[in-house]
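K.L.:
Sequence:
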Amino acid sequence: MDRLSVLLALARVLRVGDIGGFLGSALPQAAPLPPPDTRVGPLRDLLYAPAPLPVTAADQDRRALDSATAAWTGSERPYYEALRQLPPILIEVPGDELAAGAYRLAAEVLRHLDELPLSLLAAERAVAAARRHGEPLGEAESIRGFAETLLRLRHPAQAQRLCLDAVTALRARRPESDAAGGDALGGLYLTAAEGAIVDGDHAAGVHLMGTARLAARRPETEAQVVRLTLLLGRTRPALRLAETVDAEAIAGRSARARHYITVARAHAGEDSPEAVVFALGKAEIACAEELRFNTDARSTIRDLLERPNALIRADVLALAERCGLL
Numbered sequence: 001m002d003r004l005s006v007l008l009a010l011a012r013v014l015r016v017g018d019i020g021g022f023l024g025s026a027l028p029q030a031a032p033l034p035p036p037d038t039r040v041g042p043l044r045d046l047l048y049a050p051a052p053l054p055v056t057a058a059d060q061d062r063r064a065l066d067s068a069t070a071a072w073t074g075s076e077r078p079y080y081e082a083l084r085q086l087p088p089i090l091i092e093v094p095g096d097e098l099a100a101g102a103y104r105l106a107a108e109v110l111r112h113l114d115e116l117p118l119s120l121l122a123a124e125r126a127v128a129a130a131r132r133h134g135e136p137l138g139e140a141e142s143i144r145g146f147a148e149t150l151l152r153l154r155h156p157a158q159a160q161r162l163c164l165d166a167v168t169a170l171r172a173r174r175p176e177s178d179a180a181g182g183d184a185l186g187g188l189y190l191t192a193a194e195g196a197i198v199d200g201d202h203a204a205g206v207h208l209m210g211t212a213r214l215a216a217r218r219p220e221t222e223a224q225v226v227r228l229t230l231l232l233g234r235t236r237p238a239l240r241l242a243e244t245v246d247a248e249a250i251a252g253r254s255a256r257a258r259h260y261i262t263v264a265r266a267h268a269g270e271d272s273p274e275a276v277v278f279a280l281g282k283a284e285i286a287c288a289e290e291l292r293f294n295t296d297a298r299s300t301i302r303d304l305l306e307r308p309n310a311l312i313r314a315d316v317l318a319l320a321e322r323c324g325l326l
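Residues in the sequence shown are numbered from 1 upward in steps of one, following this note's numbering.
Hint data in this document are derived by calculation from the structure and do not stem from the laboratory. Treat the hints with care, since some could be wrong.
Said to hold, decoys possible - Result set (SDA-like, lysine to any residue): computed pairs, CA atoms no more than 20 Å apart in a straight line:
id, residue 1, residue 2
1, Lys282, Ala247
2, Lys282, Arg322
3, Lys282, Leu232
4, Lys282, Glu243
5, Lys282, Ala255
6, Lys282, Gly324
7, Lys282, Ala249
8, Lys282, Leu239
9, Lys282, Leu325
10, Lys282, Ala268
Note that the structure is a prediction, hence the values are computed from the model and not measured.
With the hints as extra help, turn the sequences into a complete structure.
P.N.:
Here it is as structure tokens:
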């Protein structure tokens with residue numbers, strides 16, 4: 001059993017209330033909202049006691065993982081579908097390659113649900129499986145997922161260092177340039193940029209964002225640059241950049257919704273409530289379930305509820321009710 005598993009198991013035995021504090025991580029104290037019509041429990045149990053890995057992979061299990069991944073990116077209910085489909089896959093993950101993919105997906109889903117200790121555990125298992133498998137791109141993607149959870153746990157310097165080390169390793173092991181390699185490098189640079197920004201090194205963050213855009217010229221990269229520009233506190237530049245993003249080309253309904261939520265937050269920073277409501281409406285069209293779970297979306301809607309604006313009041317109340325805030 002790895003170190004993190006031991007700590008988490010010990011926390012359960014001791015009935016530690018603040019698991020984040022127990023692990024030495026500065027987690028927010030507010031309890032995450034329970035996902036409607038979903039259960040994290042089966043996924044949690046399988047992470048605490050992972051099934052032994054068979055030596056060979058079966059086509060059936062690969063199709064199951066592909067289905068779960070497609071549901072996470074393309075379903076109208078990505079959280080419900082991912083939490084429904086992942087536990088059977090993790091019961092008997094066939095081989096390290098699929099284990100890395102399954103744990104990587106589990107870590108991402110749990111991270112977006114603010115189940116951060118569980119996300120970190122899944123991400124650690126993804127990295128371990130990817131390293132055993134020895135495929136550079138899978139390892140790079142797994143390390144990025146681990147670093148993203150570290151960011152949410154407020155360890156930006158560690159996240160940045162992990163990603164930059166992974167960039168060096170990926171370039172050494174895979175010197176040829178292609179789209180897949182560029183996407184992996186771009187993702188690592190973006191996460192490193194966020195780590196630098198959160199750690200207060202804005203100049204390094206801006207430089208890393210530029211490097212990411214050169215490595216991965218995709219709408220998803222541009223959407224992340226908008227988000228990081230907003231993180232820098234630059235609302236107007238973020239909105240100008242957002243106008244250049246082909247949002248409908250962003251892969252994945254929930255990712256597209258998160259981009260519109262970023263745009264809504266930028267409009268909120270410019271005190272444009274009507275534009276905020278419009279952007280949130282586009283996010284809801286892209287993936288209504290994202291609004292129910294996304295903490296940024298929920299806080300933005302709460303802020304709108306406190307505004308005495310008769311022009312948007314009815315729309316905001318209806319949106320808040322659909323998101324479970326009323």
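K.L.:
With reference to the structure, classify each hint as holding or not holding.
P.N.:
Outcome of the hint check:
1. Proposed proximity of lysine 282 and alanine 247 is supported: the alpha carbons are some 10 Å apart, at most 20 Å.
2. Our distance criterion of 20 Å between C-alpha atoms is met by lysine 282 and arginine 322, whose separation comes to about 14 Å.
3. This hinted pair does not check out: lysine 282 and leucine 232 have alpha carbons roughly 24 Å apart, beyond 20 Å.
4. Proximity of lysine 282 to glutamate 243 is assessed by CA-CA distance (about 14 Å); at most 20 Å being required, the pair is judged to hold.
5. For a cut-off of 20 Å, the pair hint linking lysine 282 to alanine 255 stands: about 12 Å separates their Cα positions.
6. Between lysine 282 and glycine 324, the direct Cα distance comes to roughly 18 Å. Compliance with the 20 Å bound is thereby established for this hinted pair.
7. At most 20 Å may separate the alpha-carbon atoms for a hinted pair to count; lysine 282 and alanine 249 meet this at roughly 14 Å.
8. Proposed proximity of lysine 282 and leucine 239 is supported: the alpha carbons are some 15 Å apart, at most 20 Å.
9. A hinted pair counts as satisfied when its Cα atoms are at most 20 Å apart, and lysine 282 with leucine 325 qualifies at roughly 18 Å.
10. Proximity of lysine 282 to alanine 268 is assessed by CA-CA distance (about 15 Å); at most 20 Å being required, the pair is judged to hold.
In terms of the numbered hints stated before, the structure departs from hint 3 and from no other.
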